[in-house]
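J.: Spelled out from the first residue to the last, the chains are:
Number of protein chains: 2
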Amino acid sequence: MAYVRPVSSALACAVVSLVLAGSGGGAAETAPSLSPAIAKVAEKLRDEALAGTKAYEIVRSLTFEVGPRSAGSAGDPRAVDWAAKKLAALGFQNVRAEPVEVPHWERGRNAGTILSPWPQTVALTALGGSAASPAGGVEAEVLGVANLEELKKLDPAQAKGKILFVSNHMEKKPDGSGYGAAVGVRGVGAAEAAKKGAVGLLIRSVGTDSNRLPHTGAMRMTEGEATVPAASLSAPDSDLLEGELASGQAVRFRLELETKRFPNAPSANVIGEIPGRDAGTPKEEFIVLGAHLDSWDLGTGAIDDGAGCGIVIETARRIGQLPPAERPRRTIRVVLFANEEFGLSGAKAYAEAHAAELSRHVAAAEADFGSGKVYRIKTRINPAALPAFGPIAEIAKPLGVEFSTANDSGGGADLSPMVPGHVPVIAFDQDGSTYFDIHHSANDTIDKIDPKDLDQVVAAWTGVIYAVAAGDLELRPAPAPPERE
Amino acid sequence: MAYVRPVSSALACAVVSLVLAGSGGGAAETAPSLSPAIAKVAEKLRDEALAGTKAYEIVRSLTFEVGPRSAGSAGDPRAVDWAAKKLAALGFQNVRAEPVEVPHWERGRNAGTILSPWPQTVALTALGGSAASPAGGVEAEVLGVANLEELKKLDPAQAKGKILFVSNHMEKKPDGSGYGAAVGVRGVGAAEAAKKGAVGLLIRSVGTDSNRLPHTGAMRMTEGEATVPAASLSAPDSDLLEGELASGQAVRFRLELETKRFPNAPSANVIGEIPGRDAGTPKEEFIVLGAHLDSWDLGTGAIDDGAGCGIVIETARRIGQLPPAERPRRTIRVVLFANEEFGLSGAKAYAEAHAAELSRHVAAAEADFGSGKVYRIKTRINPAALPAFGPIAEIAKPLGVEFSTANDSGGGADLSPMVPGHVPVIAFDQDGSTYFDIHHSANDTIDKIDPKDLDQVVAAWTGVIYAVAAGDLELRPAPAPPERE
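For the protein sequence lines, the chains are A and B, in the order given.
The opening position of the first sequence corresponds to residue 1 in our numbering, with each subsequent residue numbered one higher.
The opening position of the second sequence corresponds to residue 1001 in our numbering, with each subsequent residue numbered one higher.
These are computed hints drawn from the structure, not numbers from a lab.
One or more hints might be untrue.
Said to hold, decoys possible - Derived pair list, reagent style DSS-like, types lysine-lysine, alpha-carbon separation capped at 27 Å:
(1) A:K448 - B:K1448
(2) B:K1452 - B:K1085
(3) B:K1172 - A:K448
(4) B:K1448 - A:K172
(5) A:K452 - B:K1173
(6) B:K1152 - A:K172
Unchecked claim - With beta-carbon atoms standing in for the labels, derived distance ranges:
(7) B:G1108 - A:P134: 21 to 31 Å
(8) A:A135 - B:A1088: 40 to 50 Å
(9) A:A146 - B:T1121: 32 to 42 Å
(10) B:S1210 - A:A353: 33 to 43 Å
Here the structure is a predicted model, which means the values were calculated and not measured.
From the three backbone atoms N, C-alpha and C, an ideal C-beta is built for every residue, glycine too.
Could you put the whole structure together from the sequences, leaning on the hints where they help?
T.: In structure tokens, the structure reads:
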């Protein structure tokens, strides 16, 4: 996952009336939402998935046969090819690669050296999109800064000509909520540093592990805005740099980032469907199951977001294997989004290409938080539909999944461009206790995934998604998501 | 720690008679070994150490102010300088750097790429001492081999022109005993591969973690013996290569090792003493507390062997702080050995330089197994002294330390050249559950050490070493260590 600010609710509100008009007045369905027949199939799907799924095998295939697949890289078209073939081989219909233009940035060689007082080589990596350093690197004294707020308040006289080092730690929490608090500096730190006259930015990795593996992640890029070469240090290397600064002696540092920006490249959202009984008629409705196909370049993209690809593909595939009599009414559409990490290219392209069809998106669910077990289902649906949705969510209860009626799920990053379309969101919140140990680092590999955890996730998804797809419950229109920060 | 075969007991036996003669017939002391006065001070030292020591601070200083310090590297003389200054500053006497000539090998840039069937870059590192690959790398088909035994049995017709990949896993055990079983291929694999006509060797890292950080370690170098470029892959990368091989398709690999061998370099064993009451007299006896000052180059040498340096320095320092009335009879000599990792240069030089004095080494203890808590004391002393040693070992009992009377401790690698001198060994066996997660990898940094664990170790050492130093118990001569394998 990447971090994305939600589309503002002001914009969202401006569109709501259109959607309401388009959906026939928006009166929510209040009839019983879950027939005994549907419940029975949903429970069967759930229990069978818990006993074992292909999800892990799908992730393994993607990470072994494609591996790193950042936007525009050699792995990107290989991933698109893999996905289209995999969906076809698994029995999906209407498999296609919908073109998406993506940015193309390459990391190149990255190196960092503390020159004095105590020379040490540190493990660091460029922030996604970072400018290159001058050839041979940029060499300067380091100025320690506690956090983004301090950076913003910094006196330019102090910062001028320095490499700034922002050392705040991300807090480890099961729901991953420490990320939002820590990630700000990754997004805007380099631009802020440039405003102060600094010549480089170092940050402590936005992560919760103590491995010598730095975490990358996208900078927020604004056309024409000044910036500086920016990199993140692994946690132990941040400790080291903090320790050298704490000695009170001047700390000199050389930062070498041989990053390169290339022209935009062609990529694609890869889509496959399990057509519902209404498919091909004007009544056809869609449930989008989304994950992103791209990954950062350092790891092989197992938890981010191979796991999500495995979850949504396997959920839809299992529903697609049902006998004709149990086939759901609504169409389940798997969307493997291009370039989530570096600007949501695929998500934006999907929302645009399918704008006319968004009103027929009865629900969307995104899997982009690793492979931990689902512990909660949360929605953002028409509030009037919430009571009727309860029994559907309860299908996952035997899996240890609670149903939150807060109805304020942000939805994932790739669903955010659908917010103005008021597409209802079903979120399967997963345990993220170890997610940020691995996220965006070289450690994002298949061995970090427990296949039984993935089976539990697929069990929750199959039961709930089937019940929504097979029934008639109207979830539209969704309210705007809450503002963050 | 590195892996060292013990000196053969045949050699050891040839020397025993000399030692017995030199020590006045070798009748072991059987009088009560631990007076109430000595026990009281030993217990005070133990309890005060448990409440908090400087050990962590010493390790931190070494890892921050020197960092990587492999033999002959720029860090080597800096470490020698650090150690001499640190010992002097902490109040040691007779501080000196005894010259040692060490080999000098540098890793340079190391890279590995799976070229087909599924292109992937892998995380690997050269084995210590590995030959360089030809410029541009060696490119060949990979042949999977289960373990060293299979490698030795391999038909040269099959191996010729191939890169061999030995994939056996090290078993994780609290006492680290999986290491001996797994490490053989690291030592002799490249020479065996050369004998078979292979062009390169890859091994799964000898380690127990699943981080994307390969583990290095010394190859056994034999002058004039043919060899091949040799590297270890991190565990996830080994999984990947195994997976590609399991596809049944030919796997091509490019291995680039820009290693370099330089002329031998000057280094030193750094020594400092806490003189006993008999110091300067012919009766002076020594207790050697040893650790090694060098580290591998990938990490900052916190657990291997900064921790050991911290333990022995702090143990001796605390005993040295006692009031004159409690001062022990025997001299405690801290030896920070040069180049343990790549051939035991310092240990051999010490045994040689101090050959005439070895008969006055009443005991030696080595700290080279990280920072985990001591769970057992084991000896290799004159068996007749074992009952009398019991009460001394029991000083550590309240710390959760058992006393094993097996009397078969191998002693550490740096003590092995003293085996022919029959120097008694006291081993403080530490919990090594996570030691091989980190050992010889970039992850060997100070954050992996819990200061409270180090305090417990120092508590055990101070109590027991003081009791040996203050009393009269004769532990000499030690029997030969058991043969391994």
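J.: Could you tell me which of the hints above the structure violates, numbers in ascending order?
T.: 6
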